[in-house]
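Top to bottom, those sequences are chains P and A. Per the numbering used here: the first sequence = residues 1 to 114. Per the numbering used here: the second sequence = residues 1 to 111.
Accuracy of the hints is not assured; some may be wrong.
To be verified - Reference listing, derived: stretches of chain P covered by chain A, where coverage requires no fewer than 3 residues with Cβ under 8 Å from a Cβ of chain A: (1) 37 to 51; (2) 101 to 114.
Unchecked claim - Partial list, derived from the structure: chain P residues whose beta carbon lies under 10 Å from chain A: (3) Gln6; (4) Ser31; (5) Gln33; (6) Leu86; (7) Leu88; (8) Ala90; (9) Ala92.
As the list claims (entries may be wrong) - Sample of chain A residues with no beta-carbon within 12 Å of chain P, all distances over it, derived: (10) Ser53; (11) Arg70; (12) Val110.
If you're looking for bench data, these hints aren't it; they were derived computationally from the structure. Keep in mind the model is a prediction, meaning the values are calculated, not measured. Beta carbons are placed, not taken as given, at the ideal position from N, Cα and C, and that holds for glycine.
Chain by chain, the residues:
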Amino acid sequence: TQLLEQSPQFLSIQEGENLTVYCNSSSVFSSLQWYRQEPGEGPVLLVTVVTGGEVKKLKRLTFQFGDARKDSSLHITAAQPGDTGLYLCAGALGYGGSQGNLIFGKGTKLSVKP
Amino acid sequence: SAVISQKPSRDICQRGTSLTIQCQVDSQVTMMFWYRQQPGQSLTLIATANQGSEATYESGFVIDKFPISRPNLTFSTLTVSNMSPEDSSIYLCSADNNEQFFGPGTRLTVL
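Work out the full structure, taking the sequences as your base and the hints as a guide.
Rendered as structure tokens:
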């Protein structure tokens, strides 16, 4: 059974603080995705990391894929109330043009207070 | 990327009835998936919708309860059959176009 452990499950911080969300697994993934979901909407893809050790930046968000492609982190710098939402990591097992089904972490519910 | 729409966006249904959810993608995609998400929780895969063949179901989900159609490369339906209050959830379809994109979801409440 492939499991993707995501932590923390809940995070409540003040505007301007930094935070890191972690996803860990014993499985090796072909790629790992981070999604953000707001209430009443579907998950929106933020980034895909593919190469072990890869670091991607999206404005104040930094995503890292572990060297062994088993873990990943999302770091947000100077969080803003607009960052509030459910953050989901998802590992893909497929190769060759299709991700196959994704293994989702349990999600991190982030609340950023003004 | 792919733009995905779902219908209906929400519904309230009576116990014992069935609801069919439609998922439309704006481009041809190889793979489509159906997920269930309890409020505030993560996503659980129900099945892979295969074009031209029967869907592949995950453990705990069966075709009689969740029949799926995939008549072409841009469209799929999921039926929630003989509903009970435990089926109240958000149902999401996704399309795999080298990355997976999700529809907005269908929020189902069963009374």
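So, going through the hints one by one against the coordinates:
no., hint, verdict
1, 37 to 51, "holds (count 7)"
2, 101 to 114, "holds (count 7)"
3, Gln6, "8 Å, holds"
4, Ser31, "8 Å, holds"
5, Gln33, "7 Å, holds"
6, Leu86, "8 Å, holds"
7, Leu88, "6 Å, holds"
8, Ala90, "8 Å, holds"
9, Ala92, "8 Å, holds"
10, Ser53, "16 Å, holds"
11, Arg70, "15 Å, holds"
12, Val110, "18 Å, holds"
Every hint, counting from the list given before, is met by this structure.
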